[in-house]
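Novice: Letter by letter, the chains look like this.
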Amino acid sequence: MTRPILEIKGLTTTLANSKATVLEDVSFSLQPGEVLGVVGESGSGKSMLALSVMGLLPKVIRRTAGYIILNGEDLTGSPPEHWREKRGRDLAMIFQEPMTALNPVMRVGDQVAEVLRRRGVPAEKARQETINLFMQVEIPSPEQRVRAYPHELSGGMRQRVMIAIALAADPKVLIADEPTTALDVTVQAQILDLLRKLQRERGLSLLFITHDLGVIAEIADRVLVLYAGRVAELASVRKIFDSPQHPYTRALLASIPQTKGPRGRLVTIEGAVPSVGTMPKGCRYAPRCTFRRDICEQEPPRLGIVGPSQAAACLQPFGFEQPQEEALA
Amino acid sequence: MSAVVSGLEASSQSPTWHAATRLLHNRSFLIGAGLVLAIALMALFADALAPFDPLRNSFRTRLLAPDGRYWFGTDHFGRDILSRVIFGARISLTIGILTALLTGIAGTLIGATAGFFRPLDNPVMRLMDALMAFPAILLAIAVAAVLGASVTNVIIALAIATTPHTARIVRASVLVVREQEFVLAARALGASETRLLFRHVLPNALGPLIVRLTYVFATAILAEAALSFIGVGPPPPAPSFGSIIAQGRDFIAEAPWITIFPGLAIIISVLGLNLLGDGLRDVLDPRMRT
Amino acid sequence: MARFLTKRLAGAFVVLVLVSLMSFSIIWLVPGDPTAAFLDTSATPEQVERLRRELGLDQPIFIQMLEWYGRILQGDLGHSILLNRSVTAAILERLPVTLSLASIALALALLAGISAGIVAAVNHNRWPDQVVMTVALFGLSVPDFWLGIMLILLFAVKLGFFPTGGYVPLGEDPLGWLGSIFMPAMTLAVIQVGFIARMTRASMLEILNQDFIRTADAKGLKRMDIMLRHGLPNALVPVLTVAGIVAGALLGGAVIIEQVFSIPGVGRLIIGGILSRDYPVIQGGLLFLAVIYLAVNLVVDILYAFVDPRVRLE
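Protein chains in written order, with the numbering used here: chain A, 629 to 957; chain B, 71 to 360; chain C, 1107 to 1420.
Calculated directly from the structure, the hints in this document are not laboratory data. Among the clues, some could well be false.
[What the hints assert, rightly or not] With a straight-line Cα cutoff of 20 angstroms, these simulated DMTMM-like cross-link-like pairs (lysine to aspartate or glutamate) come out:
| hint | chain 1 | residue 1 | chain 2 | residue 2 |
| --- | --- | --- | --- | --- |
| 1 | A | Lys687 | C | Asp1317 |
| 2 | A | Lys800 | A | Glu709 |
| 3 | A | Lys687 | C | Asp1323 |
| 4 | C | Lys1113 | B | Asp199 |
| 5 | A | Lys800 | A | Asp870 |
[Said to hold, decoys possible] For each label pair, taking beta carbons as the anchor points, the in silico distance ranges come out as:
| hint | chain 1 | residue 1 | chain 2 | residue 2 | range |
| --- | --- | --- | --- | --- | --- |
| 6 | A | Val813 | C | Trp1233 | 31 to 37 angstroms |
| 7 | B | Glu251 | C | Leu1205 | 33 to 39 angstroms |
| 8 | B | Ala90 | C | Pro1166 | 36 to 42 angstroms |
| 9 | C | Leu1205 | A | Ser646 | 57 to 63 angstroms |
| 10 | B | Ala90 | C | Val1237 | 28 to 34 angstroms |
| 11 | A | Asn645 | C | Leu1276 | 54 to 60 angstroms |
Heads up, the beta-carbon is just placed ideally off N, CA and C, and yes, glycines get one too.
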């Protein structure tokens, strides 16, 4: 196994004013060139995970335990200025809302070139490179578009600009936080295709955050299922879809509308994610779990290996329904 | 329907209670209220508090520096400055309150008309724009001078100068409120326009208005002083903060206390009102919250 | 952009017509006869009649108004009986004084106010923020003319650093000019510094919470660059819109401050006119200042469109 480009170990974040945990004991690793999908409902802590890795947690949330190791270097002990150095070079992020994530009074080209300039690229070269990046993210007539202001572009175009900004950093790890959620369905597909293409061409290590399992199926190699701030399941994308071990993962899959093609939204799991500060004592999913037993409410289950390249945090994982087939795989 | 009901309830009861609780935890509001209350009590009980008659001339006590007997010193007529400042609070605060009230009434009428009856919006607001084009203090001075020096005319002059901005604020909140669901719903249910305006729209526009009027109060105290200084303020001999300063100006080198103390009284009053306004704004006017 | 300009100009024109009408009608506010101010009670009816004719008051109000518009369109603000000269000439002669006072004060206020506001916002809820906000609040609560008197008392009477008042033209003695204009300009700026600092801080705090600031952070930009390149330009948009209001307040403030420091500017001319009920001076002066205010605000609006590209489209 090669050395992971990003390793998260036991990451725990807490609201500063109470002791309520937002993320608890989250561990996973990202291999070079790998796409790790992070999936969960809103409130599962997936955006907080992204911001933790970036070192951009809002002031009200603190990291209270765990390590974030980027390319062998532990960032958690390092001063904020060092982390800042990593952003825009080794780390880049694409946000959910292309409408508000761009500076409204700055030309979009300048917002891309800014990243290049920070990396020491001379002004004229940065301008050329920006146009080049616009071509890579398939923005038509890039020479003109670099001079546009964000409000002059459509949502899809703005998200392409955001991707160009991220690529300008030439990052080791790219985090995409629901990059297609705010867009129209047809545009979603285009942006997703673009991201997948760029990831393959450049061999990007991508942490792809979404609530949409359909998107996961299209882009991810492995999947991390988050529930209420804890890892519910971590497995290859195939295992997740073929033999989910955690009841929550299963419920998520069941909630995908059975149309042709794996596009769907998480709609119909009974109940809601418990909010921060009102977490149940045992398994956090227990109150909604149809397979719940008494012990589930006693103690939180630990993430355990349940099969080849598959781990789940459940006291009674499903096991493999088609063992022969799995064994052959 | 349930949305309508809850909207109305939410607008009439719980927020008032909520706002009151939050005000009591707002530091600006508490300090401001304390200062304003102190000055107001001073004005109210001036007769009991003032050590001397503020109008009594005495040649023997002319231009005395502050000492144990005359804490704030005396002026060129031998009058006790402390007593004049205490009584001055009466006229200054009266002018402030009445200006705020008059502005509140005029501003609400004009702003609500413009905001609620669309055809009148443009003409009325252009008129307000035109009034705002004159420097407010100069407008007040001109009106006060032309009308003649009296407390009433000072109030009228100041109200004319502060009304346009107030009307603009009322109009803005009316425009916001009138598009809200519960107003649309009430309209759909056939409520008359005037009833709609008075029952639903205006009460919800009240927050920004109260905040604005607190600032108008403060501005009026400052402007009264400026008017007095120019010589078109409330006529002598009755003291206001402004008129005491105006009289002290000629003796600034030999008797600076005549000018200093009423100035400090203005600062305390206006500071109190500004703090009060900031506190109210934090709680009542969510759009302006910082 | 062209549509924005046309609309804005048309609006300004309507307001201008109203402003001139208001300036003119201040004379209607006068209780009794305007001529009473110039003539004592012993004046004969013939003298009153002659003065009324001279002032044009014998004409029907409608004709008076038409004449007024006819004159101001030619830049003629009327004739001051007391000064015995054209109001336009009297104003223009004093204009440079007032403009230099107001513009120095504006520059001071913007510089100090914006810097203080940024310092406060960047250090939100820490001691620099509290210091700036406290000072700003005091600035807003001090009567400007009183502050002027205090400065005179301290720096002119006690310490002798500056003259107690008066004005030295720039062309005559640049250093003397600076000495004569510095204290008045400072005094005039104080209130506006408080106002601008509070505005800048509030606006900056709001902007610093926006998503694009997080994007800038994610780019790894230096904190200073984020503040100055992403925060400030956005935060200045609302600050710029109040610059017009500030300019108006400064013109009004200058009227008072000129009085305090005995500076022979437009403000003193108008105050003199008001106190002696010299109606052409009052009418002309009010109109003149209002026109300056409208012009400044028009410029601000156009600038605004340049700072904020979103406005241009609408």
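Novice: Give a verdict on every hint.
Specialist: Structure-based check of each hint:
Under the criterion of a C-alpha separation no larger than 20 angstroms, the hint pairing A/Lys687 with C/Asp1317 is consistent with the structure, at around 15 angstroms. Distance restraint check for A/Lys800 and A/Glu709: the Cα-Cα separation of roughly 19 angstroms lies within the 20 angstroms cut-off, and the hinted pair is therefore satisfied. A C-alpha spacing of about 14 angstroms is found between A/Lys687 and C/Asp1323, which places the hinted pair at or below 20 angstroms, so the restraint holds. The hinted pair formed by C/Lys1113 and B/Asp199 meets the criterion: a straight-line CA distance of about 15 angstroms does not exceed 20 angstroms.
A threshold of 20 angstroms between alpha carbons decides the hint, and for A/Lys800 with A/Asp870 the separation of about 31 angstroms lies outside it, so the pair is violated. The hinted window of 31 to 37 angstroms between A/Val813 and C/Trp1233 is violated, with their beta carbons roughly 51 angstroms apart. For the pair B/Glu251 and C/Leu1205, the beta carbons lie near 51 angstroms from each other, so the given range of 33 to 39 angstroms is not met. Between B/Ala90 and C/Pro1166 the beta carbon distance is about 58 angstroms. The supplied range of 36 to 42 angstroms is therefore violated.
The hint said 57 to 63 angstroms for the Cβ distance between C/Leu1205 and A/Ser646, and at roughly 58 angstroms that hint holds. Range check, B/Ala90 to C/Val1237: about 31 angstroms between beta-carbon atoms, so the 28 to 34 angstroms window is met. Checked against the given bound of 54 to 60 angstroms, the beta carbons of A/Asn645 and C/Leu1276, roughly 58 angstroms apart, stay inside it.
Consistency note: the structure conflicts with the earlier hints numbered 5, 6, 7 and 8.
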